Amino acid sequence: MSVQAASVAVSQPGDARGRWLQRLRQRAFRVAPADRGPVVLRHSRIYILPTRRGYALIGTLLVMLLTSLNYALSLGLAVTFLLSGLVATALLHSFRNLAGIEVKPLAAGDAFAGEPMSFALSLAAGRCERSAIVVAAAGASARARIESGGTRTITLAVPTQARGRVALGRVTLASDHPLGLWRGWAYVHFPLAGIAYPAPELHSPPLPAAARATDGHGKGRGEDADLAGLREYQRGDPLQRVAWKAVARGAGWFSKSFEGAGGQGPLQLSFAALPARMSTEAKLSRLCAWVLAAERAARPFALSLPGVLLPSGMSEAHRRAALTALALFPPDS
Amino acid sequence: MAALISAWRRPPAAGRAAAGAASTLSATQIGALGVLLAAAQLPLVLHLPLWIAGFGLLLVALRFALLRRDRLRPYAKPARIPAWALAIFALLIAIAVRKSYGYFLGRDPCVAFLFVLVGIKYLELRTLRDGSLLVCLALFLLVTPFFYDQSIVAGLAALPAILAAGAALDALSRGEHGLPARSWRATWTRTAALIAQGLPIAAGLFLLFPRLASPLWGLPADHAARSGLSDRMAPGSISELSLSDAVAFRVDFDGPPPPRAARYWRGPVLSLFNGREWRALPPRAGGRLASGDGPRVSYSVTLEPNDHRWLFALDLPSALPQIDADPALRTSAGGFAGLSGDGQLVTRLPVTQPLRYTLQSILRDRHPGASRGDLAIDSQPPPGNPGSVEFARELRSRHPDDRGYITAVLKWFRDEPFHYTLAPPLLGDHPVDEFLFDTRSGFCEHYASAFVVLLRAAGIPARVVTGYQGGDINPRGGYMIVRQSDAHAWAEAWVDGQWQRFDPTAAVAPSRIERGLSSAVPASDPVPLLARADGGWLKGVQLAIDAINYQWRRNVIEFNRDRQRSLWRDWKLDAFSPWQIVAAVLLAVLGWAGAVLAWIAARRTRGERAVVLWDGLCRRLARAGLPRPPWEGPIAYAQRAAQRWPQFAIAFRAIGESFAALRYGSASARTPERTALIATLERAIDVLPSPSALRAIGK
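Residue numbers (our numbering), protein chains in the order written: chain A, 1 to 333; chain B, 1001 to 1699.
Treat the hints with care, since some could be wrong.
What the hints assert, rightly or not - Away from chain A, derived, C-beta distances all over 12 Å, residues of chain B:
| # | residue |
| --- | --- |
| 1 | G1031 |
| 2 | P1049 |
| 3 | P1082 |
| 4 | I1162 |
| 5 | A1168 |
| 6 | P1200 |
| 7 | G1204 |
| 8 | V1247 |
| 9 | H1308 |
| 10 | R1364 |
| 11 | P1368 |
| 12 | P1417 |
| 13 | V1556 |
| 14 | W1592 |
| 15 | E1682 |
Unchecked claim - Ranges between beta-carbon positions, derived for each pair:
| # | chain 1 | residue 1 | chain 2 | residue 2 | range |
| --- | --- | --- | --- | --- | --- |
| 16 | A | A142 | B | L1199 | 35 to 45 Å |
| 17 | A | V242 | B | A1696 | 25 to 35 Å |
| 18 | B | S1026 | A | R52 | 18 to 28 Å |
| 19 | A | L309 | B | R1619 | 28 to 38 Å |
| 20 | B | S1690 | A | V242 | 23 to 33 Å |
FYI, nobody ran anything at the bench for these hints, they're computed from the structure.
In this text, all values refer to a predicted model and were calculated from it rather than measured experimentally.
For glycine and all other residues, C-beta sits at the position ideal for the given N, C-alpha and C.
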């Protein structure tokens, strides 16, 4: 971002220069997530430099060249140049191995902070076979070989540290095929981001008492709720409540409905209700653990955060909304 | 050595093991590197002392044996040699090389040391980095045999190592990616293809890469002894040389070659005589080029290295030679020195590499020019040989005229029973006396020596000239080969104010001059095969090989700065400005890159025969009005086509099923089945009519 700093420092004509530099940086290094939709790798994106082995070999060729020139060894020169031809051809093959690959962003997964988050990209080979392509981004890498005409889905497991939005960032596709003398690479930067939920507290206290159950035996509700019967499965019903035995019998999809869960009333998971001495992150971790526990217990819950209020509910979408709200809760500045 | 062997059994040091499994070389990679190493070492074997050659190869073989042991006993501790042992080992080798050569900092001992060093490095090879280093060392080793030999065979011997280098790099790279090793055959064909694609670049570089005008660092002297004329002549020295078939030099004439009797190739001039042996004076300036009338010849000589400083020219050069080879002769210390006072062409440095020069001569047997000092030396009375001196004095009293005296001597040689033979008897302390009055059989050096002694004893300045006489045209190349067996000695005498050539051998055996050695000496003499007139088919083969070698030498080995410049001139490259040449080179490189990329693409498509067939079919059906949407599979598409054209339903079904099986089935592993499926696909597609016909039927 030093470019921006420079552009502030200089006056009007320099501003244009700054923008120009910015564009150059974007074009050369793809610093901003500006690639939308599929990207086909072309020569303007592909860089090639020798690998360490390539540098060593080129150095050796130079020594051979000098020796042959000095001693006027025509055959030495011939051998040196044959090998140079081999090195040059390897360069072309390295280029060809990358050029024409079509990269598509597929999806970003979700994860709890600290767990790897998976991002999926699709690579289409086009007419050529692609060997030993290394796809790397944000500390994760995967290796792929794609047959000509084939397509391969690459999953990058990006490690996450903190909750919040996790962008895949710039993806590097690299290959030193065929001889390991040249490393070709290309940058692709998709606006692909997943959400890292707060890491659930490890030994969290049990779920708080339900709203209406203010009396003594309000702890550990859910586990001892009684099965009331089956009802037709509806989209959004949590998977824990699907009557799998019925599904396995082929009887169709049913959800178990419980007595008692409703009787306990919806859980109120409230940020404000947590002890004030806890830090924001700790509170979010506990709320996250509770959301998961409520889901496990198949109990509807409502979530209230400062500025966010989720009404009581129980579904996959509800759970996701709750976790997302926790993940995106503004941190203490 | 015992310490070494016990050290192999030691478990690996902990630090080494932590280096990581990914960077450790696999057995396949070590094998590929070993093949590269052996291929790079083998061409050098003939040029090294036997113990070094054997030792270097042994180290590589030892590692192969260890690899085999590891394979046979996979759970045993892998054999390892500690680095310190190898360092000591290398030091010992260096000392041994120093002992063997007598010096260490020179080209040859360094080559020998490197030869063993790569073996040692190979023995301790472990990581990928070691592998890269070894590839580099082996490639450098590949250049070193050319110090000693640049023949076609030496060039061919380097090719396997180049292939092996590609294979080793491929193996290293595949190992890094965790890919399974390819079969040897696949690796080698692939590497050969890569090298073939690089050939245009290699050829362009060879033709266009500028050569050096002079070496960047000193060329060490070559110590190898070579056969050839020397600056001394004792009885028997030239007849010994005449037993050799070795080539002295080759000549290209502009126009027809002069007759054999006029082909005196002038070499060292010997003026100092000690009663038995002739020696040359140190070269002095002051020679005068021939001028005036006489047949003029223009020719180029390609001189084999002879470790001496003289060049050979037809008697007598009318212009200084233009040397167009060898940067060694162009250095400030070297270079052509000129024509010496006694008419020899002399260089400043010994000729240690093949040397080509262009020259003009005027063919005459007499030429002016001698300094007073030279004449004084050349008229000194000969020491020893009292009989000859006495005979000369007696003959001189009858022929006071110089020319008359010389004619009388030659007549005496002709009339008396002298024999010309390659196998003269040994001579004692007064060789000229014994030869003239006793044995009376000798080779050219006996006659020349005796003739000059007789002239000097009579007060006529005279000297011995050595060189070559004759030479044979190689019918397969149109050039002349002058061999060591053409070596000759004749005489020059100062008559009427100029030097005149006299050949006493011609008086005794005129056919030596007219038809060559084999016709002049008795049939029982051991004339070398290639000097014989009737060499048979073997001589024919030899001449053919010589013609190939000569072209090789002219066009490959001696493709130096000047040849390169003249080629550029022929191509009119000097008419262009540098930026135009740079642009042309860039364009050529781009063209090459485009061609190679297109070739790769074409090869890839050819490889996927089924896909090509299927794509072609889809294009045909699209033109016939039934395009295939990208999501449609082969079977569904074929069904749709069969509904559209029910008369070809069977063909479409076969197409859909065989392509689906080829593309998505398990047949990819078994080749015969795959071939059958492709054949089915091909036949079924052949059944279909053209797109326009299909379109007509479908409507």
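Quick rundown of the hints versus the structure:
1. G1031: At roughly 17 Å from the nearest Cβ of chain A, G1031(B) sits farther out than 12 Å, so the non-interface label holds.
2. P1049: holds (21 Å)
3. P1082: holds (25 Å)
4. I1162: Given that some Cβ of chain A is not farther than 12 Å from that of I1162(B), nearest at about 6 Å, it is violated.
5. A1168: Its Cβ does come within 12 Å of chain A, the nearest being 10 Å, so this is violated.
6. P1200: violated (7 Å)
7. G1204: violated (8 Å)
8. V1247: The claim holds: V1247(B) sits with its nearest Cβ about 19 Å from chain A, beyond 12 Å.
9. H1308: Non-interface label stands for H1308(B): nearest chain A Cβ at 19 Å, farther than 12 Å.
10. R1364: Given that every Cβ of chain A is farther than 12 Å from that of R1364(B), nearest at about 36 Å, it holds.
11. P1368: The claim holds: P1368(B) sits with its nearest Cβ about 39 Å from chain A, beyond 12 Å.
12. P1417: holds (53 Å)
13. V1556: Check fails; 5 Å does not lie beyond 12 Å.
14. W1592: Violated, because the least Cβ-Cβ distance between W1592(B) and chain A comes to about 8 Å, which does not exceed 12 Å.
15. E1682: Fine: 19 Å to the nearest Cβ keeps E1682(B) off the interface.
16. A142(A) x L1199(B): 35 to 45 Å: holds (37 Å)
17. V242(A) x A1696(B): 25 to 35 Å: Check failed, 57 Å falls outside 25 to 35 Å.
18. S1026(B) x R52(A): 18 to 28 Å: The hinted range 18 to 28 Å holds for S1026(B) and R52(A), with Cβ atoms some 19 Å apart.
19. L309(A) x R1619(B): 28 to 38 Å: violated (60 Å)
20. S1690(B) x V242(A): 23 to 33 Å: violated (57 Å)
Taken one by one, the earlier hints fail for this structure at numbers 4, 5, 6, 7, 13, 14, 17, 19 and 20, listed in ascending order.
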